[in-house]
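**Student:** As a plain string of letters, each chain reads:
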Amino acid sequence: MLRTLLTIMALAVGMPAASQSPFPVDIGGPYALLDQHGQTRTEADPDGKAQLVFFGYANCLNICSAALPLMAQVVDELAADGIDVTPVMITVAPDQDTVETMGEPLAEIHTDFVGLTGDEDALQGAYDAFKVEVEPLFEDPEYGWIYSHGSFVHLLDADGELLTLLPPILDVSQATKIARGYLNPQG
Amino acid sequence: MMRSLIFGALSAIALPMAGQAAEGTPIQVTGEIIDTWCYYSGVMGSPDAVVGSAHHTCALWCSAGGIPVGLLAEDGTVYMVLKVGDDDQTAGGDGILKLAAHTVEADGTLYQRDGLNYIVVSEVVSDLDITNQNHDDYGNVPPFSIPKSARPGGE
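In the order they appear, the protein sequences are chains A and B. Last residue of the first sequence: 180 (my numbering), numbering continuous. Last residue of the second sequence: 219 (my numbering), numbering continuous.
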């Protein structure tokens, strides 16, 4: 009983109000990074669309190779319902994903994909805001550094506020169903 | 199909309304720390094969790669581990690498959102090590998770 009470108290202290975050971990916050066109993009979508935000890298062979196509398919499924969502990838490998290089591989996954990179401080600020751990694992002779990184897909509203998380292990229909529950058709 | 069937275990509880505020319920769960990608995707084998000692090496790789870990309870319910202890990152990465495939008794708080079960683990009360010794049945799953040179009899 005492342990239960202490647990509740400990969680309550570190827990933001429900209006601040839908989860007991405060996830999300401001960032200002560069997209593949060299334009600054913040957590707010310039076109007023909802966003799917994932932290990864364009040539990732691991979870990104599942999560990024999942995001693309969810975007298309929602678009068919009249719901416009922007897929965004914030790089965890700025040495590999530069303004010049990240656009092409992302466009192969979805033409609407926005890639974001930046200097170390700007990226770290985004990682910290979204509670994403990034750890270099080893250097692949062909692909360069392989990184460990958090892999939840974040559903944000147009202002950049977190609506919910999408575990990347969901299939397209499940992820789309969850996202649709938070979004309304435009127009 | 496999993923859809297993998803039932994750979402066995009635789907709450989207946007429902986070309200937790204290919970103690005994179960195995699993690699959710291999468990749900089915790409590496059946659910029985992608747990325990047979899948330990792959679970380490996946956990190190940032794939969210889950807690597979004895009743088959899967809890997505959102946070462990004082770790300030969402689960994934190497924070709980040492617990991959281990059976643990965990105190925490259950959050149900979007039909999914999330758990914030406040304390791993006991680490029972790898109790599911299924490698005699399945071998190493998948075999390539161990480099050839490191396999028994390897080069």
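It is worth saying that the hints were derived from the structure and are not from the lab. Fair warning: there could be bad hints in the mix.
As a list, the in silico SDA-like pairs of lysine to any residue whose alpha-carbon atoms are at most 20 Å apart [claimed, not checked]: (1) A:K42 <-> A:E154; (2) B:K162 <-> B:V188; (3) A:K170 <-> A:T94; (4) A:K170 <-> B:G179; (5) A:K170 <-> B:Q176; (6) B:K162 <-> A:D69; (7) B:K162 <-> A:P129; (8) A:K170 <-> B:S209; (9) A:K42 <-> A:D69; (10) B:K162 <-> B:V107; (11) B:K162 <-> B:N198; (12) A:K170 <-> A:Q89; (13) A:K42 <-> A:D88; (14) A:K170 <-> A:D40.
**Student:** All the hints need checking, so say for each whether the structure fits it.
**Tutor:** The hints, checked one at a time:
1. A:K42 <-> A:E154: holds (12 Å)
2. B:K162 <-> B:V188: Roughly 12 Å between the alpha carbons, so the hint for K162 of chain B and V188 of chain B holds.
3. A:K170 <-> A:T94: Violated: K170 of chain A and T94 of chain A sit about 33 Å apart, past 20 Å.
4. A:K170 <-> B:G179: With a Cα-Cα distance of about 11 Å, the restraint between K170 of chain A and G179 of chain B holds, given a limit of 20 Å.
5. A:K170 <-> B:Q176: holds (16 Å)
6. B:K162 <-> A:D69: Answer violated: K162 of chain B to D69 of chain A is near 38 Å, above 20 Å.
7. B:K162 <-> A:P129: Roughly 18 Å between the alpha carbons, so the hint for K162 of chain B and P129 of chain A holds.
8. A:K170 <-> B:S209: The given pair, whose Cα atoms are some 33 Å apart, is violated under the 20 Å limit.
9. A:K42 <-> A:D69: holds (14 Å)
10. B:K162 <-> B:V107: violated (24 Å)
11. B:K162 <-> B:N198: holds (19 Å)
12. A:K170 <-> A:Q89: The hint is violated at about 34 Å.
13. A:K42 <-> A:D88: Measuring from Cα to Cα gives roughly 29 Å; hence the hint is violated.
14. A:K170 <-> A:D40: The given pair, whose Cα atoms are some 23 Å apart, is violated under the 20 Å limit.
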